[in-house]
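Number of protein chains: 2
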Amino acid sequence: MVGNVPVGGGADVSVQTMTTTRTWDVDATVEQIRELTIAGCDIIRIACPTGKDADAVPLIVEQSPIPVITDIHFQPSYIFKSIEAGVAGVRVNPGNIRRLNDQLPEIVAAAKSNSVPMRIGVNAGSLDPQILAKHGNIPTSEALVEAALKEAAEFEKLNFFDFAISVKHHDPKTTIKAYELLSEKIDCPLHLGVTEAGPKLQGSIKSAVTFGILLEQGIGDTIRVSLSDEPAEEVRVGLEILRSLGLRQRDFEIISCPTCGRKEADVIELAKLVETTLAERPDIKGSGIKVAVMGCIVNGPGEAREADIGVAGGAGKGQIFKKGEVVETVASSEIAPALLRHIDELLTAYLSPNR
Amino acid sequence: MVGNVPVGGGADVSVQTMTTTRTWDVDATVEQIRELTIAGCDIIRIACPTGKDADAVPLIVEQSPIPVITDIHFQPSYIFKSIEAGVAGVRVNPGNIRRLNDQLPEIVAAAKSNSVPMRIGVNAGSLDPQILAKHGNIPTSEALVEAALKEAAEFEKLNFFDFAISVKHHDPKTTIKAYELLSEKIDCPLHLGVTEAGPKLQGSIKSAVTFGILLEQGIGDTIRVSLSDEPAEEVRVGLEILRSLGLRQRDFEIISCPTCGRKEADVIELAKLVETTLAERPDIKGSGIKVAVMGCIVNGPGEAREADIGVAGGAGKGQIFKKGEVVETVASSEIAPALLRHIDELLTAYLSPNR
Chain A
45 MVGNVPVGGG ADVSVQTMTT TRTWDVDATV EQIRELTIAG CDIIRIACPT
95 GKDADAVPLI VEQSPIPVIT DIHFQPSYIF KSIEAGVAGV RVNPGNIRRL
145 NDQLPEIVAA AKSNSVPMRI GVNAGSLDPQ ILAKHGNIPT SEALVEAALK
195 EAAEFEKLNF FDFAISVKHH DPKTTIKAYE LLSEKIDCPL HLGVTEAGPK
245 LQGSIKSAVT FGILLEQGIG DTIRVSLSDE PAEEVRVGLE ILRSLGLRQR
295 DFEIISCPTC GRKEADVIEL AKLVETTLAE RPDIKGSGIK VAVMGCIVNG
345 PGEAREADIG VAGGAGKGQI FKKGEVVETV ASSEIAPALL RHIDELLTAY
395 LSPNR
Chain B
45 MVGNVPVGGG ADVSVQTMTT TRTWDVDATV EQIRELTIAG CDIIRIACPT
95 GKDADAVPLI VEQSPIPVIT DIHFQPSYIF KSIEAGVAGV RVNPGNIRRL
145 NDQLPEIVAA AKSNSVPMRI GVNAGSLDPQ ILAKHGNIPT SEALVEAALK
195 EAAEFEKLNF FDFAISVKHH DPKTTIKAYE LLSEKIDCPL HLGVTEAGPK
245 LQGSIKSAVT FGILLEQGIG DTIRVSLSDE PAEEVRVGLE ILRSLGLRQR
295 DFEIISCPTC GRKEADVIEL AKLVETTLAE RPDIKGSGIK VAVMGCIVNG
345 PGEAREADIG VAGGAGKGQI FKKGEVVETV ASSEIAPALL RHIDELLTAY
395 LSPNR
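Protein chains in written order, with this note's numbering: chain A, 45 to 399; chain B, 45 to 399.
In isolation and in its complexed conformation, chain A is listed as follows:
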């Protein structure tokens, strides 16, 4: 359990991100956590680079609507401060906390008495120099796994088993192989991530490919998409990955064609309008409504038979259909308002207490 969020043991795969505010700026940090909670974030991680940041943790934990994990590098003392502050978890990077293991008995004692789980977060770029040297100074999948298992063994020696592991690299293939190896060697929750994945497009695709391949094999219990972009974007991408594999219910789904030389309706604009409109409806949560936006009759009502509601463009007009049956034909200029009206009716019916 990370706070009230179960991780591993068959629980739903949870979505995490990190705040980008200064942690010592409590108001800004809490405000960002609130926004990320609305975006669908399940667990939030905050960095603690300085004592000023560590001092802010209790106030953030108190006000955060979701469980807070602190991310500790270099300074073991912040681990104790975090646990005292009531965090839901602590991430440690064994590669860059000097003499971490010398203090492990005290850390484990504190974590145990406060029921705080730990994450052993291994990153390709901050591997233990000895392990790195052993692998030809290349952070291979095997090197990442060796570093993680070595640290896990230290925790286990102290009878502490309440930990998750991550082994992140910026290359999807290296990352995939690392988690595959790791899942064969140890049975603990795994936190998936591709580190330094890059800007939005490159990072989203790297993460989707990596997590897709791993989750399909049943590997991975909690995920964090890393993008050089807003953390809310990381949450959106993470949720989309889970939804793609049926691991998270969609609030809504848009079945829209890519458009081609046949298109008779402005599908791109219409799909965006529907997406924006639906995303802004707080009452849509869990409805799973499927809306089709199809450019032509070739792949129109038929192709979108499974949609709850949809529109197919025709010459100068649009056919509104429900479950593949045409219910109304409107002029091109009326497509958008007619579609939105039908969607509204559908959602109202969905939300009716008598449904």
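To be clear, the hints were calculated from the coordinates, so they are not data collected in a lab. Treat the hints with caution; some may be incorrect.
Each pair may be met inside one copy or between any two copies, as identical chains are not told apart.
Unchecked claim - Derived DSS-like pairs: lysine-lysine, alpha-carbon spacing no greater than 30 Å straight-line: (1) Lys366 x Lys244; (2) Lys334 x Lys244; (3) Lys221 x Lys244; (4) Lys316 x Lys244; (5) Lys217 x Lys307; (6) Lys178 x Lys229; (7) Lys329 x Lys221; (8) Lys194 x Lys221; (9) Lys125 x Lys194; (10) Lys194 x Lys367; (11) Lys229 x Lys217.
For chain A, the structure is supplied; the task is to place chain B on it using the hints.
Below, chain B without anything else, positioned relative to chain A:
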């Protein structure tokens, strides 16, 4: 072979998209094909909904820098017109060309004598009604595969084996299962696609997850990402998927951190600037240069050891490093120009005839 592009048999996985211009508008269509070629598209498909469109095909084929495939629904006569026009391939949808099989001997004869390959393109929404009925009116993975294999058998009966197959659905899990089943049953090139995948984010993630899982198993020879967005975006996402799995060389890679409460440099802006600058350099093709943009010293030069060049933010300054070694320290305001200058030097060296 689709024109000069090999598909299947261990060839590189190729990237396709469709034009969104009116096909009869030859100038606009050729202009869009040129733009898509620059974006990295290997094969282009054009719709032929009317006779006017079919008449334009010869002129488009003549001027297109990449192989042209026509997409034929409903009208078998356009298949013959396309083949006469010298297209590199024809896609037929067996679900909506009536009496396709009655005319198959003539189609196959024309395709054979012009060495034109065919794609049997099955879509969930336009399945043969008999097959659909057999599967409880649900376009299951099994129904998609049955429709594809039934049509493939018709081609094979006529001693025609120069075809690829696609079995597209809007749901990744159904699509993945369909291609997995198909690859066990038949040994021909497979064209991967998730149909009506939706707007950019949803569609990109659906495609990345689906193609990632299939390509990792060695399933898939050519891909088309379907988005309700510009076709150039489909090409960009398709290429990123291939690059993520090491199936396509990167022109450049950005290793940039997601930023957190530790950041000392504006990573998002800097990463975007580097991305835009590199994408605009025509001489970068194939260089594979790795540029790191790191927000802080925790994961800076060390984390980005594998980068050719990079920057790590510090308090009021930035460290420029090459292969993990700091080569210059500059004031915050000088980070962007200094990084771009070093990148330029590196590319100039890369491009030097004496390297």
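Quick one: Lys217 to Lys307, C-alpha cut-off 30 Å, is that within a copy, between copies, both, or neither?
Classified as between; 28 Å across copies, 39 Å inside a copy.
When no copy is named, should Lys366 and Lys244 be tagged within, between, both, or neither for a Cα gap of at most 30 Å?
between (35 Å within a copy, 24 Å between copies)
Homomeric proximity label, Lys316 with Lys244: Cα distance no greater than 30 Å:
both (19 Å within a copy, 9 Å between copies)
Is it within, between, both or neither when you check Lys334 against Lys244 at 30 Å Cα-Cα?
So Lys334 and Lys244 pass the 30 Å test inside a copy (26 Å) and across (16 Å) alike.
Between the shortest in-copy and the shortest cross-copy C-alpha distance, which are at most 30 Å for Lys178 and Lys229: within, between, both, or neither?
within (20 Å within a copy, 45 Å between copies)
Using 30 Å as the alpha-carbon threshold, which applies to Lys125 and Lys194: within, between, both, or neither?
Answer is within: at 25 Å inside a copy they meet the 30 Å cutoff, but 67 Å across does not.
Lys221 and Lys244: within-copy, between-copy, both or neither at 30 Å Cα:
Both. Shortest intra-copy (23 Å) and inter-copy (29 Å) distances satisfy the 30 Å Cα cut-off.
How would you label the pair Lys329, Lys221 (within, between, both, or neither) given a Cα cut-off of 30 Å?
between (36 Å within a copy, 28 Å between copies)
For the identical chains here, do Lys194 and Lys367 meet the 30 Å Cα criterion within one copy, between copies, both, or neither?
Classified as between; 27 Å across copies, 56 Å inside a copy.
Is it within a copy, between copies, both, or neither that the alpha carbon of Lys194 lies no farther than 30 Å from that of Lys221?
Within one copy only: 18 Å inside a chain, 38 Å across chains, cut-off 30 Å.
Give the relationship of Lys229 and Lys217 under a CA distance limit of 30 Å: within one copy only, between copies only, both, or neither.
both (19 Å within a copy, 28 Å between copies)
Violated hints are absent here; each numbered hint is respected by the structure.
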